[in-house]
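**Q** As a plain string of letters, each chain reads:
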Amino acid sequence: MRRAFIAISLLAAALAVTAGASGKSSAAVAIPGCATDSLKLVSAGTLTVGTDNPAYGPWFGGGEIKGSKWKINDPATGKGYESAVAYEVAKRLGFAKSELKWVAVPFNTSFRPGKKNFDFFVNQVSYTPQRAKNVTFSASYYNVNQAVVGVKGKPIATARSKADLRGYELGVQIGTTSYDYIVKNIKPTSKPAVYDTNNDAVTALKNGQIDGIVVDLPTAFYVTAVQVENGTIVGQFLSVGSQERFGLVFQKGNSLAGCVNKALTRMRADGTLKRLQTQWLSKATGARVLQ
Amino acid sequence: MSTTSEALLLEGVRKSFGKLEVLRGIDLAVAEHEVVCLIGASGSGKSTLLRCVNLLESIDEGRIVVEGEEITARGVDVNRIRRRIGIVFQSFNLFPHMSVLRNITLAPVKALGVSRAQAQHDAEELLERFGLLDKRDEYPDRLSGGQQQRVAIVRALATKPGLMLFDEVTSALDPELIAEVLNVIRELAAGGMTMVIATHEMGFARDIASRVCFLDAGVILEEGPPEEIFTAPRQPRTQQFLQRIVEAGRL
Amino acid sequence: MAVVSTIVFLAVLVLLVVNSPGWEDVKRQFFDWAEFREALPEILSAFGTNVRIFCIAEVFILVFALVLAVLRSLPGPVFFPLRALAIVYADLFRGIPTILVIYILGFGVPALQLSGVPTSELFWGTVGLVLVYSAYVSEVYRAGIESVHPSQEAAARSLGLSRTQSLRYVILPQAVRRVIPPLLNDFIGLQKDTALIALLGVVEAFRQSQIDVAATFNYTPYLATALLFVLITIPLARFTDWLVARDRRRSQAARLAG
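Protein chains in written order, with this note's numbering: chain H, 1 to 291; chain D, 1 to 251; chain C, 1 to 258.
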């Protein structure tokens with residue numbers, strides 16, 4: 001009797017284990033050591049993700065949701081590359097879609113010391129070693145190239161190399177690594193203009209106050225497709241030195257980054273990351289490279 | 001109707017400030033070289049009268065004629081008229097940001113177009129005449145009240161006016177400083193300057209005036225030579241006023 | 001005694017801060033000496049832009065504001081339109097936030113694509129500052145003019161000086177002397193507001209420090225900028241005090257006499 005009982009219990013246990021490991025029942029295959037109730041979260045049971053408001057394409061999409069404070073696009077639509085990546089990471093960690101909460105965080109406050117009000121921040125933030133002293137970055141979720149946008153028919157549109165750009169007035173948005181890129185690798189004769197928002201840079205371009213804007217390539221496509229009527233991508237640049245890459249931003253030392261990195265590794269390995277890039281950033285490939 | 005030797009003529013002058021009628025029909029004629037003293041209680045209209053002569057206030061009715069020119073007529077160049085009339089105020093009103101010399105030369109140079117050198121020369125002459133030459137580079141805050149008032153008189157004389165108005169010029173002075181200012185006025189009178197003097201200094205008025213006018217409630221109630229007014233006033237209000245002055249020991 | 005208690009108070013304050021739980025983080029992100037040394041040269045160089053802007057702007061402000069104040073003081077019904085204009089101007093430009101004025105002028109005017117009109121951000125930013133600050137400073141001048149006792153004008157006019165001459169030689173010299181502290185106060189405010197030009201893309205000191213901060217996620221460059229602004233404010237404030245003390249004597253006479 002006792003042997004039968006043990007056998008049945010063992011069988012039941014084995015079934016339970018295999019059932020739990022099949023992956024089809026709840027979320028995807030769970031990441032060992034990263035169960036949702038063991039994660040260090042700002043708000044228990046919720047993955048709180050921060051990004052800046054307004055949420056621009058192609059990083060976010062789907063337009064605005066009525067009654068919501070988000071402008072241009074609402075991250076909650078799940079559309080747009082960064083929104084999609086955030087939801088995918090959440091899924092891998094075992095969160096349901098409704099368990100991901102978005103908070104608006106101005107870029108400037110995302111790295112201030114003290115407790116954050118988000119678990120991670122996603123906003124086209126490039127990794128740099130100096131920045132990494134003050135926050136923790138995830139692994140790359142996108143390898144990024146800078147590009148320069150100009151106006152069709154203007155002299156800058158004929159530029160074919162970085163040297164050709166030296167005589168022009170370039171503009172960037174504050175907080176992007178574009179400024180550094182210009183100063184270090186293009187070395188223009190006049191100091192670049194730095195604007196609070198990309199919108200201001202675009203306005204200045206349209207006004208003829210600057211000749212070109214330097215932004216990451218996907219944003220360049222968005223700018224020429226949506227914001228500047230006769231805009232053109234003069235070209236893109238390759239990273240000088242190590243490849244520039246976007247990372248998710250965490251409070252320094254937050255162990256959650258470890259689990260997120262594991263999720264990203266899996267997303268890269270099984271082609272999900274590539275699929276999302278193709279889906280949302282497909283247009284961001286065909287620009288001439290300026291040497 | 002004005003005689004050529006009339007320096008100043010007021011006819012039927014009325015002036016109100018809002019509802020308050022301060023001058024209620026003033027008739028006054030001052031001949032050249034005359035010294036007319038205005039006496040009366042505060043609020044009787046002495047200051048207002050002088051300020052009307054100087055066009056600092058506009059009148060509501062009547063006319064004022066200075067040296068044959070009706071200054072209250074339309075289109076008169078006010079600035080030009082004011083250069084012909086000098087006025088000295090109770091509160092001196094020297095320009096604190098200018099030296100004594102500059103206070104005096106400002107109007108001749110800027111308003112009359114006199115050369116700076118000439119204006120300076122004339123100013124120094126006047127200062128010397130009144131014993132103030134050593135103060136020419138001082139600023140007003142360094143002078144005593146009496147000195148400031150004397151400078152104010154010199155400043156008013158700098159534009160070479162034909163008529164001088166004095167509005168209670170010693171009322172703000174310490175008693176020991178009054179005499180020096182009165183002496184200046186005496187000297188001017190001796191020199192033949194036509195003057196209208198509003199004053200509380202009855203003894204001084206009796207000495208210097210060719211005529212004394214008693215103002216009461218906006219009209220000249222009584223006027224006449226000083227001996228007459230001070231010793232035998234006809235009007236009861238004049239008598240009352242002088243009685244109070246005597247009781248206060250100021251006569 | 002006061003000195004001792006101040007020192008003790010400051011010491012306690014410092015101890016409290018340094019021993020607070022977040023101090024290490026704050027120290028690293030706000031008071032990083034290496035970061036400071038590295039960021040300072042560029043910020044200093046960018047600060048030259050701020051200095052140029054406020055020196056040029058201040059000259060125009062002092063003149064334009066005086067014109068506005070004089071317009072506001074013109075008497076009589078014939079001058080009503082000019083007075084009204086000055087009042088509307090002062091209300092408008094004190095009402096609209098400076099940042100909006102700069103934004104609208106700096107991006108709006110060039111957008112009109114009018115030929116012959118400059119599109120330089122530096123130009124329109126400076127114009128914006130001049131327009132706004134002239135409104136404030138004109139009120140300061142006005143207060144100064146009105147504080148000069150009317151007996152001064154009476155004395156000047158009775159000497160035969162015209163209204164313009166009285167204003168120019170008697171009233172304004174006294175009025176301006178009296179408002180030197182608030183004038184210099186507004187100038188000090190202007191120095192800070194030159195940072196608003198960053199909105200138009202100009203890389204001045206604040207923007208330069210912002211660039212460094214964004215590149216390293218370390219706030220210490222802001223400290224460098226703050227220090228530079230304080231360093232120019234202090235001599236200006238002491239200069240103001242000196243000017244005021246020097247003129248105080250003179251204005252006593254007028255107050256006593258008036």
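Rather than coming from a laboratory, the hints here were simulated on the basis of the structure.
The C-beta atom is built at its ideal place from N, Cα and C for all residues, glycine as well.
Be careful, since some hints might not be right.
[Unchecked claim] Counterexamples of contact, computed for chain D against chain C with all Cβ distances above 10 Å: (1) Gly-12; (2) Ile-81; (3) Arg-234.
[Claimed, not checked] Straight-line distance between alpha carbons at most 20 Å, and here's what the computed PhoX-like set of lysine-lysine pairs gives: (4) H:Lys-101 x H:Lys-69; (5) H:Lys-252 x H:Lys-40; (6) H:Lys-252 x H:Lys-133; (7) H:Lys-115 x H:Lys-262; (8) H:Lys-133 x C:Lys-192; (9) H:Lys-69 x H:Lys-79; (10) H:Lys-115 x H:Lys-133; (11) H:Lys-252 x C:Lys-27; (12) C:Lys-27 x H:Lys-115.
[Stated by the list, open to error] For each label pair, taking beta carbons as the anchor points, the in silico distance ranges come out as: (13) C:Gly-48 x D:Lys-160: 55 to 65 Å; (14) H:Lys-40 x C:Val-17: 54 to 64 Å; (15) H:Lys-40 x C:Arg-94: 42 to 52 Å; (16) D:Gly-75 x C:Leu-74: 31 to 41 Å.
**Q** Please go over all the hints and tell whether each is borne out by the structure.
**A** Hints, verified against the model:
1. Every beta carbon of chain C lies more than 10 Å from that of Gly-12 (chain D), the smallest distance being close to 24 Å; the non-interface claim holds.
2. Distance check for Ile-81 (chain D) against chain C: the nearest CB is about 8 Å away, which does not clear 10 Å, and the non-interface claim fails.
3. Distance check for Arg-234 (chain D) against chain C: the nearest CB is about 35 Å away, which clears 10 Å, and the non-interface claim stands.
4. For the proposed pair Lys-101 (chain H) and Lys-69 (chain H), the alpha carbon gap of about 14 Å is at most 20 Å, so the pair holds.
5. A hinted pair counts as satisfied when its Cα atoms are at most 20 Å apart, and Lys-252 (chain H) with Lys-40 (chain H) qualifies at roughly 13 Å.
6. Our distance criterion of 20 Å between C-alpha atoms is met by Lys-252 (chain H) and Lys-133 (chain H), whose separation comes to about 8 Å.
7. A C-alpha spacing of about 24 Å is found between Lys-115 (chain H) and Lys-262 (chain H), which places the hinted pair above 20 Å, so the restraint is violated.
8. A threshold of 20 Å between alpha carbons decides the hint, and for Lys-133 (chain H) with Lys-192 (chain C) the separation of about 31 Å lies outside it, so the pair is violated.
9. Under the criterion of a C-alpha separation no larger than 20 Å, the hint pairing Lys-69 (chain H) with Lys-79 (chain H) is consistent with the structure, at around 17 Å.
10. The suggested pairing of Lys-115 (chain H) with Lys-133 (chain H) holds, with an alpha-carbon distance near 16 Å, which does not exceed 20 Å.
11. With a C-alpha separation of about 15 Å, the suggested pairing of Lys-252 (chain H) with Lys-27 (chain C) holds against the 20 Å cut-off.
12. Under the criterion of a C-alpha separation no larger than 20 Å, the hint pairing Lys-27 (chain C) with Lys-115 (chain H) is consistent with the structure, at around 15 Å.
13. Between Gly-48 (chain C) and Lys-160 (chain D), the C-beta spacing of about 57 Å keeps the proposed range 55 to 65 Å intact.
14. Between Lys-40 (chain H) and Val-17 (chain C) the beta carbon distance is about 28 Å. The supplied range of 54 to 64 Å is therefore violated.
15. In this structure the supplied range 42 to 52 Å holds for Lys-40 (chain H) paired with Arg-94 (chain C), their Cβ-Cβ distance being about 50 Å.
16. Checked against the hint of 31 to 41 Å, the C-beta distance between Gly-75 (chain D) and Leu-74 (chain C) comes to roughly 20 Å, which is inconsistent with it.
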